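Participant: Sequence:
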Amino acid sequence: MATQVTSRITEDIDWYMGALEREWRSAVELAANWDDADPFDKEDLAIEWDLTIDFLLRVLNFQERGLMSPEQQRRFADIRRFMCDHESDIDAVLGPGEAMIDPPREWYVTLHQ
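So the sequence shown is residues 1 to 113, counted in our numbering.
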């Protein structure tokens with residue numbers, strides 16, 4: 001049975017995409033100024049990166065379940081391009097592979113089953 005896309009689901013998708021985009025942009029800006037960055041900001045990035053991955057997983061789950069509007073799909077494609085363009089910036093400060101722009105599929109398929 002198909003899931004009805006309610007206004008709440010639409011709002012959740014928008015919220016998680018906004019959070020994902022904000023976190024990535026902030027992380028890229030911090031990475032660009034890493035040598036001069038506050039040590040607490042550096043530590044926050046490392047500690048809170050798992051939350052950013054969670055935002056990505058949730059959006060991927062919405063996408064996998066076919067719940068995103070065409071506009072949301074376009075917006076997510078833009079966010080994904082930004083992530084791909086800056087993956088190496090994040091990996092440079094967190095470690096190789098830590099950007100996690102392509103988490104294992106089973107992580108997001110089973111997120112909310």
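Hint data in this document are derived by calculation from the structure and do not stem from the laboratory. Bear in mind that the values here come from a model prediction, so they are computed numbers and not experimental data. Hints are supplied without guarantee of correctness; some may be wrong.
Stated by the list, open to error - Below, simulated SDA-like cross-link-like pairs (lysine to any residue); rule was C-alpha separation at most 25 Å, straight line: (1) K42 with P103; (2) K42 with Q63; (3) K42 with M100; (4) K42 with A31; (5) K42 with V28; (6) K42 with R74; (7) K42 with P96; (8) K42 with E106; (9) K42 with E21; (10) K42 with A19; (11) K42 with Y16; (12) K42 with E98; (13) K42 with H86; (14) K42 with L30; (15) K42 with R25; (16) K42 with S69; (17) K42 with G18; (18) K42 with S7.
To be verified - Between beta-carbon pairs, the in silico distance windows are: (19) A92 with D54: 16 to 26 Å; (20) T10 with D36: 32 to 42 Å; (21) D35 with E71: 37 to 47 Å; (22) Q4 with P39: 41 to 51 Å; (23) D36 with E106: 33 to 43 Å; (24) P39 with V5: 38 to 48 Å; (25) P39 with T6: 42 to 52 Å; (26) G97 with Q4: 29 to 39 Å; (27) D36 with Q4: 15 to 25 Å; (28) Q63 with P39: 14 to 24 Å; (29) P103 with E71: 21 to 31 Å; (30) A92 with T6: 33 to 43 Å; (31) R8 with A92: 18 to 28 Å.
Quick reminder that beta carbons are idealized off the backbone N, C-alpha and C, glycines included.
Participant: Of the hints given before, which are not true for this structure?
Facilitator: 2, 6, 8, 16, 18, 27, 28 and 31
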